[in-house]
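Take 1 as the starting number for the sequence shown in the working numbering and just add one per residue.
Ranges between beta-carbon positions, derived for each pair: (1) A27 to I175: 33 to 43 Å; (2) I284 to H113: 19 to 29 Å; (3) L156 to E89: 21 to 31 Å; (4) H113 to S32: 28 to 38 Å; (5) L238 to T182: 32 to 42 Å; (6) A27 to G117: 41 to 51 Å.
Rather than coming from a laboratory, the hints here were simulated on the basis of the structure.
A virtual CB, placed ideally from N, CA and C, is assigned to each residue, including glycine.
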Amino acid sequence: MNTLLLLLPDLALIATGAALARWVDWAEGFWSSLEKLVYYVLFPALLFTAIVRNRIDPSSAAPFALGVLAVLLFGIALGALGGRIFGIESRRFGGAVQCAFRFNSYVALALAHRIGGDAGVALCAVMVAVAVPTGNIAAVWFLARNSGAGVLKALLRNPLVLATACGLAANLTGIEMPEPLTAFLNRMGAASIALGLILVGAGLKPSGARGDDGFARYAVMVKLLAMPMAALVIARALGLAPLATQVLVLFGAVPSASACYILATRMGSDGPYVARLITASTLISAITLPLWLVWAR
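Between the sequences and the hints, there should be enough to build the whole structure, so can you do that?
Following this line, the structure appears as structure tokens:
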């Protein structure tokens, strides 16, 4: 499996965004308006359809779901600890801490299919259903707390949290989506992938991304080293099957989600610093991901 080739399209889109922001003089407010479109419309459609697409059997999926939750909570705890260790400024920390525990679902879904076909995708659907709402709630909580906004109000109004909650409700109740609506949402979700990564690149501004190198390195290490190691230990402790073990380790080892940048900028955090962490984790994961998947066999 050539994981580097899988990551290259994401890296190319990030580079495209950086080049466009640097060399193309578009009207003032263009990037801000594009961020709003992705954050309020396209990303929610992606999250909703990702959860609804594969039906979840709560009883059979329970051990794997427990493992996903345990790995995620471990990453959240380490991310919060890093803020205390490095004393990073609260506004910057609120957006950057997500990069220690949120995952790139696009890469995870693609690799899960390569590893286990339909069975791998089904496990990935459970992963998304557990990790997306929990990770979004944690991310919004950190951002709202450090921006001075009301945490509960921010959670209830956050489009990503609302989309994942609706997706879970539709999945667990077995609601069948009409085909035209499904196609419509799928097209919006697909658009969010490319635009979200382009926005990550556009947010790379060296003047705004300097400093706090210690926390940047720490967050990337938590995401690419500590979380997959915890996943491997937890999978063994739960006695998961080989495929479930690989997918759980995959969950821990994939790079940070590009949605971290969108959420950070929309909630007043330091977008360029977050983009720096996302880019670093994506580049380094091209080396670490294949190693973790070999060790998880």
